[in-house]
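> Given next are the chains, with one letter for each unit.
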Amino acid sequence: MNLFYQEVPLAWYLLLSAVLFSLGVLGFLIKRNLITVFMSIELMLNAVNLSFVTFAHQWHAVKGQIFVFFVMMVAAAEAAVGLAIIIAVFRARATLAVDRIDLMKL
Amino acid sequence: MNGTFNIWLIPLLPFAGFMLNGILGSRMPKWLVTTVALLAPLAAFGVVVNAARSVFGIGVSTSSLPYIETCPMGWINIGALHIDFSFVLDQLSLVMLLVITGVGFLIHIYSVGYMSHEEGYARYFAFLNLFLFFMTVLVLAGNVLLMFVGWEGVGLASYLLIGFYFQKDSAANAGKKAFIVNRIGDFGFLIGIFLLLANFGTLTFSEIAAKLTASPAWQGGVLTTIALCLLFGATGKSAQLPLYIWLPDAMEGPTPVSALIHAATMVTAGVYMIARTHVLFDHSPFALGVVAIVGAATALFAATIALVQNDIKRVLAYSTISQLGYMFLGCGVAAYSAAIFHLVTHAFFKALLFLAAGSIIHAIGGEQDLRKMGGLRKHLPVTFWTMTAAVLAIAGFFPFAGFFSKDAILYAAYLRGPGGIALWFVGLVTALLTSFYMFRLWYMTFFGESRSPEIHPHESPWSMLGPLVILALLSIGGGWIGIERFAAYLWPSVGERVADSTIPHLELNLSIAAVVVALIGWFIADRLYREKPAHAAQMAEALPGAYKLLANKYYVDEIYGATVVKPLLGFSKYALGWVVDVGLLGGFAWLLGGIALFSGAILQRWQSGNLRSYAAWLAAGAAAVLLFVLVPWTTVWPDSMQLILKVTGR
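These protein sequence lines map, in sequence, to chains A and B.
Residues in the first sequence are numbered consecutively from 37, following this note's numbering.
Residues in the second sequence are numbered consecutively from 26, following this note's numbering.
Isolated chain A, as found in the complex (with noise of 0.2 Å):
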């Protein structure tokens, strides 16, 4: 083992994964723009591909990093339909605070 290539431990990397996913949870509740909830959902997508990769590299299992294609994948479309919608929610209501878009409240 020379000390250019030392493994990082295993729980580094979770502890990050678990940081991030709740930074994103974080942000979800507490912003109040919409764009800035979308990247927050990001966030928790990637934090999971995060923890996705390392166990796939520590396993040797390539089943994980399948995963995360598909989650990226997911992820894409999802940016789409999302980004769509919250172009249309602007256009017909000219703001994007989460708070003031509550049409289905009786």
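Errors might be hidden in some of the hints.
[Unchecked claim] From the derived model, a few chain A residues whose C-beta atoms are all more than 10 Å from chain B:
| no. | residue |
| --- | --- |
| 1 | L46 |
| 2 | A47 |
| 3 | L50 |
| 4 | F64 |
| 5 | V73 |
| 6 | S87 |
| 7 | Q94 |
| 8 | W95 |
| 9 | K99 |
| 10 | G100 |
| 11 | A115 |
| 12 | A116 |
| 13 | A120 |
| 14 | F126 |
[Unchecked claim] Only some residues are given here: those of chain A computed to face chain B with a beta carbon under 10 Å:
| no. | residue |
| --- | --- |
| 15 | V55 |
| 16 | L56 |
| 17 | L65 |
| 18 | I66 |
| 19 | K67 |
| 20 | R68 |
| 21 | L70 |
| 22 | E78 |
| 23 | V107 |
| 24 | V134 |
| 25 | D135 |
Don't read these hints as lab results, they were simulated from the structure.
Glycine is no exception: its CB is placed at the ideal position from the N, C-alpha and C atoms.
Based on the hints, put chain B in the right spot on chain A.
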């Protein structure tokens, strides 16, 4: 038994006619509807005649009766209860079938002329064929339950045809009245069926008869109850006291319907039913006495009402009730063959009377009021002569059909001791009244001056007059079979022997008495309505109370209305409608709705519409799940496992 008669075809052919005309009739040309409607009863009549030829040994060798056709699959098999779907042809049902399909076919022909300009031509004939279907099922039925099917079915056909002009409120109401009153009677019939089943374990006529014959000592008691229940059913269908009230109103239907259903065939179903279950009545002298009293009372009661009615069809309706009373009287003195004999001759002359009345109504443009008729003899010669035959027949003049059958009943009543003589006397008075009101009708329609000169009557087409002529011949000659021959023929079915009197010439003397009272009735009608028509009005003024009582039909409808209908409607409206329907059921529905509304109002608060609050709940939920999964509960709280096991019940 040689060969089969295929009696299952007898009901099936009219049913096929009903299906064809009922489903496709409105899309078929009129001639095709007519052909189908006429062929069905004609073919059924052909099957009956074929069977009759064999039975009477005309042209072919004689067959023995009863002849039974049973559906091989059975019908009702529940536990110990086995009821066959079987048709029985015996002497009694053969006579009935000849009358039903024969007279029925004639009335179908008549209807072609009578209904030719009416709306719903195909519907009319579909219902008429339906009626024949159910009536033949009723008559052919080998057990009480199948008879009940036909019994209910003819009630349905009757309802449909009374309400044929359903745009008219009075017709629709009359149909409902007939149906509901019949339902009341059917209730008694049903109870009778249940009692039969409970006490005999079978509903087949022949098996019931065999069980009763095997135990001649079995009298009264439950048999009386069963017989009275059946009698109650019969009073509904056959328009006897106290359930006769629907029949006069049933005249709202087309006149041929009145002739076929409400005079010749359906209303005689009660008489047929009593004759068919006569073994029960023979074992219960009390029930038999009730039958006789109901019959005699109805005969007199209805005849008195008929005296003052001014609607030609209502006079005939009350006359039908009265004549049915005679038949019940005959049954009640155990002279079943005489009752059936009267049923047959009555079918001839009463159908004729109704059809002739229809011809008159048709001729003068729908008018039914006797007071607006008069002087029609010259305009309607065929109708006049055929109706004269019918009037003479119903009044009981020798040698017309009614004479023989009515005399047979009165003679049989006379032989039943002192009570029988009282019944005979009531019958004799009824005969006087019958003769009077029939000749009153006869004089008011055909004699004197026309009371509506603006009407120009025209004789009916031959499709209507043909049946009149045939029925007139039957009304004249139908009685010549004679009761002795008829009773001897019917003996295997109804099993009664008319005991002959020891008094010499009694039957002859009674006959002479009957003809004399009929002559008196004619004479009075002649004085009142031909010589001095004003006399009748004077008499009505001299006895205002009696006249009003009769003209209002003893206020029976009003009494029933006040004592039964109104309380029942009130009970339905307030007790059932408001308390049960609105209060109980409605309250329960409101309660359910209220719970939903209330809980919705609370749970609604969750649905804030705020995206972040939803997300917060989601995150909280996920955190809770994580907490549950990750925390080592068994070490933190050692008893938790026991709690979980207890709650899940493992």
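> Now tell me, hint by hint, if it's right for this structure.
Verification of the supplied hints:
no., hint, verdict
1, L46, "holds (18 Å)"
2, A47, "holds (16 Å)"
3, L50, "holds (14 Å)"
4, F64, "violated (5 Å)"
5, V73, "violated (8 Å)"
6, S87, "holds (14 Å)"
7, Q94, "holds (20 Å)"
8, W95, "holds (21 Å)"
9, K99, "holds (22 Å)"
10, G100, "holds (21 Å)"
11, A115, "holds (18 Å)"
12, A116, "holds (20 Å)"
13, A120, "holds (17 Å)"
14, F126, "holds (15 Å)"
15, V55, "violated (16 Å)"
16, L56, "violated (15 Å)"
17, L65, "holds (6 Å)"
18, I66, "holds (8 Å)"
19, K67, "holds (9 Å)"
20, R68, "holds (8 Å)"
21, L70, "holds (9 Å)"
22, E78, "violated (15 Å)"
23, V107, "violated (18 Å)"
24, V134, "holds (5 Å)"
25, D135, "holds (6 Å)"
In terms of the numbered hints stated before, the structure departs from hints 4, 5, 15, 16, 22 and 23, listed from lowest to highest.
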